[in-house]
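Chemist: Could you slot chain B onto chain A? The hints should help.
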Amino acid sequence: MTDRNFSTPIDRSLNRLTLIQQAAQRSGALPAAGQLRYSKLSPFDVSQMSGVSISMVERGKINGHEYLRELEWLQKETSNRCFLDAELWTNEILAYLPNDWCNGSDSGLWNSGVKPFLNDSYSSISSPTSSAAHVPEHATKLKSKYTSKFARTLIKNKEFRRASTFLEKTMKENVEDLFLYYRVLFLAYYQEHLENDCEGIERKTSFAEENSPFSLLLQKMVNEKLREHEDVWFEYLMGLLEVQLGLKVEAEKSFRSVIVRDPRIWPAWEGLSLLISDIEDADNFILNSEIKSLWMSDWFMVLVLQRFQQHSMAIQKAEQLVTRGMTGIPMIITKIAACSNARHDHEQAISNFMDVRKMDPYRLQDLHLLSDSLYIRSDQVQLSNLAMDVYKSHKFRWETCCVVANYHSLRRDSEHAIKFFQRALRLNPGFAALWVLIGHEFMEMKNNAAACVSYRRAIEIDPADHRGWYGLGQMYDIMRMPAYALYYYQESQKCKPHDSRLLVALGEVYTKLNRVEDAEKCFTGAYLFGDVEGNALWNLAKLHEKFENHNQAAQVFEVFLVVYELVTSAEEKVIYSVAFLANHYFKTGNFEKASEFATKCLAYDTICQEGNRLFRAISNIQQRESELAAREKQHEGSRSPVSAAEEQGADDEMSEGEDELSF
Amino acid sequence: MQKNQQRVYKRSYPNLDSLFGHPFSNVIGEPITPMKMATIYVMRICFQIHFGFHHEPTEYPMTLNEKRCTFYLLAGLFFSQEDLTYDEFRCAVLNVFLDDEREFVTSIYTAMESIAAGETDINLWVEDEFYTNKYARPPHFDRDDGRYEWLLEQCKDDLHFSSPHSHMYRWLKRILGQFAKTPTTDKWELNKAMKRWILRGDVDNFSYKSPLYSPVCYMLNCSLRSRTFVNEMIYKMTKNPIMTYEPEIIWLIHATVQYLHPDVFEANIMEALSHLQDRDAHSTIICFKKFFDVSMYELTEDIAHFSRTHRMGVPTHTPMMYAPIIQARVHRWFGDLRTARFLLTESLQQAQIRCDEIAHQMANVELHTVDYIGGGCLLEDKTVRNIEEVNDRRIVRKALKHINDLPGHHRAGPCCISSEDDFELIHEMDSYGKMIMVLKQIAEGTFKMKYHRIAEIGITCPLETDPQERGDKVNGYGYAIMTSNMIRNGMYEHCEAAAQEQIFQNQMRDTTEFHRTEAFCVTNINMAYALAAKGEYDECYDLLNEMNELYPEDILWRCNNHIHLAAAVVMFEREFLGGYFIESQIAIDNLAPYSVNETKFRQSLLWAAMGRTRESIKLLQEMETTDIYIKIRIQMQLGSFHTYEQNYIEARKHFEEAVKLVAGTTFRTMRAMINRRISTMLMCKGEYVGARLHLRECYDCLKVDGTYVEKACMYMTLARIDRLMGNDPRPYLGQVRQLANDKWPTMEKMALAELVKVHMPDGPVPDSNRLAWACGQFGVMEEDYPGRCDWLLM
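Top line first, the protein sequences correspond to chains A and B. Going by full-length UniProt numbering, 81 is the number at position 81 of the first sequence; the sequence numbering is gapless. Going by full-length UniProt numbering, 741 is the number at position 741 of the second sequence; the sequence numbering is gapless.
By construction, these hints were calculated from the structure, which means they are not laboratory data. Certain hints may be false.
[Stated by the list, open to error] Partial list, computed: chain B residues near chain A (C-beta under 7 Å):
#, residue
1, Asp293
2, Pro324
3, Phe342
4, Leu771
5, Ala772
Beta carbons are placed, not taken as given, at the ideal position from N, Cα and C, and that holds for glycine.
The shape of chain A in the complex, shown without the other chains (with noise of 0.2 Å):
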């Protein structure tokens, strides 16, 4: 059968190849006929071998002005927008920019009919010369103009150790360029030693052959006299290498040589805070120096103040800069907060978070130390909401961890806070607070070889402060080794003079270490410093009444009802302080205030017998005693011995059937 279509076979397979030869020749695989494999193909010729068809016409060179102003629309945009990827593309491009094209003309685009090319000449492209001879000098600076806003582009996506490449070929040329680069090698370091540190094993055995980084870039900036450059930044960061090389000494002072300089240069303030020895000095260089500070001096007291636990202070200090026009700024509530926080006035703490997490949804500094009086206060709720919160928003952060820990130990789900912790101590080793939380967990778990060995580490990040010390001293309390927690104690009370609840716990220990006048003290001062958890008095009075001080104790015990006598929490060591007046009172034959004190036994249904039998055995007393009187009235000159003998025998009697109290 013929095709119709198709000629003869032989024609239909010649046709076929030479459908075949074409579709090669389109492909490539095969040159055209005449034609060499390599020569060049025409546009035409491409479109038709790919199968897309396009428009490829041959477009002139790009105008260098208009590719220039262009690309700095751009980057103004991305910048402006924030598109950090899509700015780093072009300040790339605007770093490697020909030379040529350096020239600056305000002739526009879009603006204008000027043709966009020069020529249109179908002339291969070929890419423009990069020729460095001849450039005119405003074309160098513009290039180095666009290096320099290129290499700031990097600091921003974190490529430090490459934008210090760029910085380096710009960095003579103006001040701040030089800054940068000692900058961002600085952060370089800082990133690859935090990045190695993050690794699980610590490693002790390496090869590293040379100083560290930190010391040669120091020296480096030492020998060529930076720190004494007009551009004080440069002796801040000085400053922070020092800081970085364990020269503390060193790093105080020159932060207090850039404040000295420039008092508007805040890093410098915050610095010297972690770094300055006491407060008197902090208020000393403050005043000597004659440093004009609008504010930040008084910021910088209320972080020294913080530091050395003299939070309400602090908090006065940050009222006043509230009161002189700083309103309504979260860091200054959060300051106020955890300074609250430590305070343990918890109510305080959590309404300043509330108001800023108002303003300020997604802020997280300080918000662990929320989350810590929401624990103490037992507000599951918040705790969880706060909780699912920051999880949503911030999953890999100390502070979330810290926070999502909480709310498991709330939940008494000790096993899950003690895996937060340790993610939250993966991303954050050198908090002293965390390694005292995780230590608490693990004393939940009665680990308490963990908890030691966590309270020691928060102890060797941070000496003074005494959540650690007291932790150690609890754990070892607990154990029943008050002798060997005693040390502890003492050092946590130290850290934090003025703590009531310290007091206490070592009053408690002394106590039990059988010294009396130490634990006396103790109780007292705590009583005396605000008694937080209310129970100095108590645990005073319980000492006194335990070594058998009965005045003694009845004075504390009559302090502790003025002071908690309407406390409902307190009722049973009301209960208890008013049957022991009334007793002490009566056996010391004050029956006025025995009475008084029997009284009030009576609002009380446990010891309302006990005040019916005290009434009931002072008017018997006093009964007696007035018909004594009488008597001795009736027979003033015969008064027989024997008489007295049985009214004597009488006044022994006692009503019957009641029980005694007994202390």
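Modeler: Just chain B now, kept in the frame of chain A:
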């Protein structure tokens, strides 16, 4: 077919290893250097040459001689403290293997050069043959061939390479373990370092450096060596501190070790000992607390569990039992016995909770030590309390008499089940218990030595070896107690002999010259007392000076306290007997910080000699003590003072009281000394017959066991009685002069005065020539020693 992978069991408990920074990973640490890498290559090639390569067995295994030479080479390379250069390494290898048909040297060079050229990287794969514990069956042997079984039988006791007892194998495992945990960047650095080493770069660059200072010495460059070094330092600091470094260097070593190897907790003990030498109790306690706190997390001994879970560290409660004991000891040394008691009670409680008999025993022994020894040089501050006074009924204390009863009486838990070490430790504790019992009896005056042998007091270690030196330690304590008791009982010759024996034993040591412990010091001091008792003051001073150099105050202050005490006692005796009261007062002032009772005794004696007898009597009467020995001495002294005052009735009362007190004791010479004083009193009173009777009772004892002062007084009493009874006292006066010659000049003068009276015309032996001679001698002595002899006060 692929083997199923062994399932790894990871319990759902917190990974404390990662939480606390994997501190025990450094236990296997060994710094990896290019030379060690090359050594492993040498080892690998040796195995290949001997056993074959993969499936191809070798045709020319190494001979015995070759293996021996190879072993020497490898041992030298393994344990070399310094790295060789590549050239030196090549020379060492070439010297051993020479030009071998098996191309051993060529193989090594090829491997090294390929690394240097960058063609290959360092490769630490391990041959299968490394793990072979028996020889492979040669393929050409028949199944029935018994030679292979015979070979295995011959080799069954051989120490194979992959044995945990093989130093080489353990070294290899440490290197491999360290390499396994080396991060990727460090492996790249290692490759580069290897290349530089082979290409003859600077060898110094390859030594292990620390951030603190470079280079770190060999003994601190990994945690194993650091631990060994620190333990050696601790040993030397306890046995012979002179052989260690100065405190500043100790602290620097501690800082280095803590920085580089935080798993080496023992560095805290080293620092604590250094602070203790510095008499800084507070810092000592801080260091000990730190050690025990971090020791709560220790390296697991359960390797099977480790291999399943990959967790090296485990929590432990052992420090809770032992930490209070150590802290209590420090408190005791510095006089805070109350706190020491509290701490030891806590330790007891913990030991009972954890059923640890060793800790229980230790705490009990320490508690009794606090009660009977306290912290001073002499057994003066005995503060023993009734055992039932412990308030907490949960804490069960062992009475001293039951201290070594293991099977019964308040045992806290099983013991001696795990190791020989436990057994020795228990035995040591028992010995300490026995010693405290002995000290208690000595203090009560009821101790009676039958054979005067160390075995009665100390330990006789039942084992042949004493690696922990426990028997040696207790031996030292035993000698100290024995010699002290000899001094107390007047056995001065015996004491000197025993002390000499102990000095000789102490000097026969290899490691630390000789031990400078408090026990040895006390033994030597007792020898000094023995010399002083015989009147050999110069030898005594020489010995004390020598000891002052051997036990310097800045390091061995506890030993030095004994030396100062002895020096003050001897000085007082010499100066007082010479009539130098100012120097005597200086000696008393020197004695005051060390012993209250001895100071009071001597002060009262001096006041009496200066005519302030009332004050001296009042001082003695106000002394409060429970010690029987001191009570007897008080009565004796008061009796002597009253004799001096010619108040014989009072004197008699005191002597009778002393006689009553000594009746229940086992003091050897006390009774004799009282009798001598009674006889002196009776002599002064004019009752010569009674005096003679008393002297007869004490003569034999004092002649053998008395001090030379006591003997002189006895002979003087006898001489005077004889003279006053008209007999010739010259034999006794001769004895007095012989004893007092150059030691007690005033007594010698007294003897001459008696001689004058003897030779006077109305004396028992009138002789004008001898009289003149005696007067002349007296005159000569009077010029040098014008004071009188207060022998009646003695």
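Chemist: Now tell me, hint by hint, if it's right for this structure.
Modeler: Structure-based check of each hint:
1. Asp293: Nearest chain A Cβ about 5 Å off; hint holds.
2. Pro324: holds (5 Å)
3. Phe342: Holds. Min distance 4 Å.
4. Leu771: violated (74 Å)
5. Ala772: violated (76 Å)
This entry does not satisfy hints 4, 5, going by the numbered hints stated previously.
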